[in-house]
Amino acid sequence: DAKTTQPNSMESNEEEPVHLPCNHSTISGTDYIHWYRQLPSQGPEYVIHGLTSNVNNRMASLAIAEDRKSSTLILHRATLRDAAVYYCILRDKGSARQLTFGSGTQLTVLP
Amino acid sequence: DTEVTQTPKHLVMGMTNKKSLKCEQHMGHRAMYWYKQKAKKPPELMFVYSYEKLSINESVPSRFSPECPNSSLLNLHLHALQPEDSALYLCASSLILGAGYTFGSGTRLTVV
Chain B
2 DAKTTQPNSM ESNEEEPVHL PCNHSTISGT DYIHWYRQLP SQGPEYVIHG
52 LTSNVNNRMA SLAIAEDRKS STLILHRATL RDAAVYYCIL RDKGSARQLT
102 FGSGTQLTVL P
Chain D
33 DTEVTQTPKH LVMGMTNKKS LKCEQHMGHR AMYWYKQKAK KPPELMFVYS
83 YEKLSINESV PSRFSPECPN SSLLNLHLHA LQPEDSALYL CASSLILGAG
133 YTFGSGTRLT VV
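Residue numbers (my numbering), protein chains in the order written: chain B, 2 to 112; chain D, 33 to 144.
Keep in mind the hints are simulated off the structure, nothing from the lab.
You may find that some hints are simply not true.
To be verified - Facing chain D, a subset of chain B residues (Cβ under 10 angstroms, in silico):
id, residue
1, Lys4
2, His35
3, Gly44
4, Tyr47
5, Thr53
6, Ser104
The beta carbon of each residue, even a glycine, is placed where N, CA and C say it ideally should be.
Just chain B, same shape as in the assembly (with noise of 0.2 angstroms):
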């Protein structure tokens, strides 16, 4: 599997955009960018993937660099709510392989 490489933890004010970077320098072209974030006690939840083009939907946006080596999750306004840990992962389009995680980031908003 290739392999993402995220920082351990990141801090961000209340109400500021958070960028949030993964890099995946060994992506392959059928790969696709995932993110799960995980809050204090539940279970991860879906944020936000793509393959190529940068991707919004009502949680975050997703920019993609050009040659797919990295890309960066973009939360437009960070709340108290979006303390969490984040996660970058690489699904292969065809493949039926699980869902497998790296260390993530720990971001932590202050008020």
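Once you've looked at the hints, dock chain D against the given chain B.
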């Protein structure tokens, strides 16, 4: 219904006890999963079921025994556990293998 429900939320058991964890979903998902998560670590896959058949066992010790009696229900039977098995046990489901996952909130297990 868009939830995965896990019961109990907390469980304390002795090393000689037998207990079961339960996971239920009514989203019509045909793939279900058990993950184990130790404190400050990412979830680790234990078992995968697809259409009620065991698809993957990630070399989990036999003291953990999964069961999928129907497409909505997944159990994890526990017997003769060790203190190091204390962890958060997460259940997830997906429409089919490879689709997006929905996770439950987990069962926090303490083995004494």
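Hints versus structure:
| no. | hint | result |
| --- | --- | --- |
| 1 | Lys4 | violated, 13 angstroms |
| 2 | His35 | holds, 8 angstroms |
| 3 | Gly44 | holds, 3 angstroms |
| 4 | Tyr47 | holds, 5 angstroms |
| 5 | Thr53 | violated, 18 angstroms |
| 6 | Ser104 | holds, 6 angstroms |
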